[in-house]
Structures are given as structure tokens and as C-alpha cells.
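J.: Full structure from sequences and hints, please.
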Amino acid sequence: MNAPAVDLAVALGPLRLANPILTASGTFGYGLEFAHLADLAALGGIVSKGLSVAPIRGNPPPRVCETRGGMLNSIGLQNIGIERFLAEVLPGLERFPPRVIVNLFGVSVDEYVRLAERVDAVSGVAALELNVSCPNVHSGGLEFGQDPEVLCALVRAVRAATGKPIVVKLSPNVTRPAEIGEAAKVGGADILSAINTLLGMAIDPVTRRPRLATVKGGLSGPAIKPVALRVVFDVARQVGLPVIGIGGIETVDDVLEFLLAGASAVQVGTALFRDPTTASRLVGELAARLAADGVGSVRELVGAVRLPA
Amino acid sequence: MLPSDHAAVVERVVEHPLPYFSLLLDAPPGWAELAAGQFVMVRAGDGLAPFLRRAFSVHDASSSPAGARIELLIKAVGPGTRALAGARPGDRLSVLGPLGHGFSLPAEGPVALVAGGIGSAPLYLLGRRLVERGVRFDLFYGGRGRADLPCLERFAALARRSGGRLVATTEDGSAGERGLVTGPFERSLAAGEFRFFYACGPMGLLARLAALSAAHGVAGEAALETAMGCGFGACLGCAVPRPDGRFALCCQDGPVFPFSEVAW
Ligand SMILES: Cc1cc2nc3c(=O)[nH]c(=O)nc-3n(C[C@H](O)[C@H](O)[C@H](O)COP(=O)(O)OP(=O)(O)OC[C@H]3O[C@@H](n4cnc5c(N)ncnc54)[C@H](O)[C@@H]3O)c2cc1C
Ligand SMILES: Cc1cc2nc3c(=O)[nH]c(=O)nc-3n(C[C@H](O)[C@H](O)[C@H](O)COP(=O)(O)O)c2cc1C
Ligand code: FES
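Taken in order, these protein sequences are the chains called A and B.
Going letter by letter, the first sequence gives residues 1 to 309 in our numbering.
Going letter by letter, the second sequence gives residues 1 to 264 in our numbering.
Short derived list, chain B residues pointing at chain A, Cβ under 8 angstroms:
hint : residue
1    : D5
2    : P241
3    : R246
I should point out that these hints are in silico values taken from the structure, not numbers from a laboratory.
Quick caveat: nothing in here was measured; it's all calculated off a predicted structure.
Even for Gly, the Cβ is constructed at its ideal location relative to N, Cα and C.
T.: Structure representation (C-alpha cells):
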């Protein structure tokens, strides 16, 4: 079969991608776990597991549980730290065409700045995604992503530390995500991604115990897609920065919905756990779908939702 | 062997009786050599519930005219396992594997195998591997009642082939010795009958066995079960606490761990 003559390339401000399908932070391991399970080369980009200045050992088990149409997690930001990532993982990822975006978080502005400075000169890093919305750790990013002023100051400090594109990842656990997105824009963000997980909870009715050791955790998967779509729609229209849509994406129809709502690209997360090929497969399916529909460029769809008059 | 996602054909479904059942699946060539203790992640449906894959140990693996055949021994406990119990010959199941590290094989015996209920699943292949190497083993097999000792005769025959024996226990006395499996096992352990032992079962049983391992100075390995998001190292959801305060990943570092490397 010939490749359909469809243009999948997208530009999100300064970040250019061969296609709009990326993998979401924390759902793709460090990337190489998938090298033999999926066609990494097909992807538009890979977002790393959340990385911090020093390694973090994470939360006690149980850390995950299934919910209807999704899952809760409280991994607790376990990661190997930025230095080991750059030394041991990035060289392996650089062998593949997709752009690598590092997902970063810290407990203080200073830590974010140190991370940004560290990756600024690393050629294999295409952009930084700031996790300012992780609901899992008390001392973590929660405050940054919930207060527009705090967030604006954080992004401004990171902006001063790097010339690379900055993606700010928005939390759905606020009343008006677009207001936070606006603050990120003022601080100097290039791109917004949305959404991170929704704070949730599950109880085993037999044992009467919470299913997660931390009691509450982050909800992801198809169950959150309508919420994610609404946030992307609001943020894209109200802030005016390019948006990466995230939340429950599993099928090519899901991708189209996010594009129509205003996303210029998408990240696939939890769906990778049940089918590791989801993201790479969607690249081909998207091209085929656009060709079948006579759409020449994926960019034509961005924000093209037909609203009632 | 690197894991792959295989569209396995269900060759047979055997009820032991329910809630215990076996799925016999075709598998790629090479799977006949799987290490005992390795596992697979199976999709139990395409809908929203069950959503994630379910983890199952490889109960048996052998070569077949088409390549290989694996057997999963499953206890139906919830939506995923109940859906799998409804599989019919000819159905296709998405089976991702082989995953994790299996049991290490001893240079010499005798060794013990300790199974609690459905924890017997990975120990059958282990027993076969031991027989292949000429290592004698005794199998201690405990459950609530006779119905919770699926494949009892098959395990007994395997233990005999190794030169060892099967010791069954039930809490209700419906088969073997009345009581917990740790009773007869500890007596044999204290008598110095084993150089090493292997176990799989509920966490409470494994923790008790870890204490026995330390008390009697006989090392061993346990196959652990944790909640799992992915099974292949991508979600970091399957944390196992280690004695040094850090966490191992059950799916990658395990599911088999030396007793001494887990903070029970
Ligand atoms: C490495 C590994 C190997 C396994 N091997 C086997 C096997 O060979 N045969 C077999 O029958 N089962 C095995 N299990 C357990 C099996 O994965 C679960 O029983 C199954 O996921 C339950 O799914 P469900 O939808 O039927 O029930 P759910 O609704 O998901 O769970 C029903 C009940 O089982 C408990 N449960 C769920 N998952 C697990 C788990 N992973 N470990 C312990 N309890 C759990 C739940 O807390 C709940 O009380 C294994 C698990 C792991 C991690
Ligand atoms: C197990 C797990 C771990 C995650 N870890 C991170 C993380 O480290 N940093 C981050 O920004 N988001 C993390 N996320 C959130 C995802 O990147 C994504 O925003 C969210 O899961 C919604 O997308 P999905 O429904 O496609 O999974 C994690 C999600 C899951 C399920
Ligand atoms: S189950 Fe996902 S990392 Fe082990």
C-alpha cells in the first residue's frame, strides 16, 4: 500500500514534529521499554517520565487500580533523576527519529530552573514539558499549577534558564484551567499541554479500604476524555498558544476530536498499557483517515469544530 | 527472549472445576523454553471493563507441531478472569509476553515447592524444569478446602517423577493434613530436608515463609503478585518494597524475588 499523500507535519510554535502523535509522560516508561513492542520510529514525539533533580523512590503499593474505563495511579513521581536519564536513556532514544521532550518537575522554583539549565545545551532534548499539576505528592507541583501568579513566576524563571521550547502541562483540578494557561503564556510558555490526571479515589467495598495506599490518586484513560476535550477547547480558544491534547485517547476518532477542539498534537497515555502499539498505529490510521476524507493536511483540522451558530 | 504481543488461538479450555480453569493457547516457537515464573499479560476484552490486561503465570509450556503451546491456570475472581473463563476453542486472545524473570534453577536438590491455592500456577512448570534436571523436590500444597487444590493429582505425579512427594493441607480437613501449609513444611525444613525452596501464594503466606527461611537458614525464592498497570516496566505501578527502603518493580525485577530481597 502506498503511503497516502497526506501532510501530517505540525508546528507548535518553535517545536516542529513529523506528525501530531506523541506518547504521554509516565505511560511510556523511559521510552526504550517499548522498542521491541511498538514502532518507535513512527511517533511524532516521546515525552519522558517525569524527571527531578535527584532520584525519587515513589509511593508505597498498591500504586495502581483499575476503574471503569480507566485507572487510578499514585506512582509518587518515582524516577531515576535527570542525570541518569541523560546518561543512560537519552542516548538510546536518540537513535530513533521522534523528538524527545523531557517532562520535568521540582518542589521549588530553584529545582525547575536547575533542571532547565541542565537540559538547555543537550541537543537530544527538543523541548521541556513542565509538570506543574501532579496531584500525587503533597510537596510536589500542586501549588504551582493551581495559582496563576505562582505559575507565572515559575515559568518566567524557567524561561530565563533555557532557550528551548517550554510546554506547560495543565491540571484539570482547577476551576478555570484557561486562566492558568494564560498565566503560563504571560510567563513565557510556548505551548500548553492538557490534561494531567484528575484527582480521584476508589474503595474496595469488601475490605472497606481505599484501593490505593495513598487513598487518592490520578484518574486517566477513556473515562476522562470528555473532561480533557473540554479543557483543550477552552484553553485553545482563550489562551491562543498551541495546545497538545491529552486524556483517554485510544482511537483515531479520539485524535480527530482533540484536533477539532483545538489541539495541534496529542499525547497517548494509558491506552499504551493495554496495547503498546496504540500511538504508533494511530499515526498510520490518522494518515489513512485524512486521505479517505480528502483532507490534505492535518493542520486543516485544528480548531475546526463546527459550533452551533 | 524479547516480549511480543501474540494473537493466541485458544486451543482448549479445561474446567478443574470452576472457579479454577486452564486455558491452553498456541504460542510462538521458543515459548516452549520459557523459564518457570515468567508471566504474560492477557487482554480479557476490548471494552471499558475489564480495561487493563491481566497478569498470569505460565503454568506449563511445551513445543507443538505449530510452534509452542502454553497453559495458564486461572482462578476466576473478578470481571477479567470471569471473561476469560468464557473463552471458547478457536477464540483469539491478545497475549503479551514472555515477561519478567523466572525462578533460578538449583545445581542440586532436594528442594521444596510451597504453593498456596492458585499460587500453584507457576510451580508446575518449575516442577517440570526440576524433573528435566534430575532435581528431587517435595511439593507442599495448601488451600482452604479440596476444591482449592486444582490439578492436585497432576502435581502429585510430577513430584513422584522427581523422586519426591506431595504434601497436601486444607484448612477444613477435606484433603490431606488439616491446617496451614506452613505446618508440615516447617517440620521438614527444621529437619534439614531441603537445600533451597520456592513459593507462590498470598502475600501473608509468603511473608511467613520469608520468616521461616531466615529462621532456618534455608534460602528461597518467591513469585509475587502485585497490582499491575502494564506488565512491562512502563507505568511503575508494581512496586515491591525492598529491605533498603527502595522499590523494585514486580514486572521487571521480578516477579520472582529471593526472600531476602523483599521487605515483608
Ligand atoms: C505476575 C502475576 C502472575 C499471576 N499469575 C496468576 C495465575 O497464574 N493465575 C491466576 O489465576 N491469577 C494470577 N495472577 C492474579 C491475576 O492477575 C488476578 O487474579 C486478576 O488480575 C484478577 O482480575 P479480575 O478482573 O478477574 O478481578 P479484579 O476485579 O481485578 O480483582 C478481583 C479480586 O482479586 C484481587 N486482585 C486483582 N489483581 C490481583 C493481583 N494481581 N494479585 C492479587 N490479587 C489481585 C483484587 O484485589 C480483588 O479483590 C497473577 C498476578 C500477577 C501480578
Ligand atoms: C501511571 C501513570 C504515570 C504518570 N506519570 C506522569 C508523570 O510523571 N508526569 C506527568 O506530567 N504526567 C504523568 N501522568 C499523566 C499522563 O501523562 C497523562 O497526562 C494522563 O494519564 C492522561 O492521559 P491518558 O488518559 O491518555 O493516560 C501519568 C499517568 C499515568 C497513568
Ligand atoms: S506493571 Fe507497569 S511497571 Fe510493572
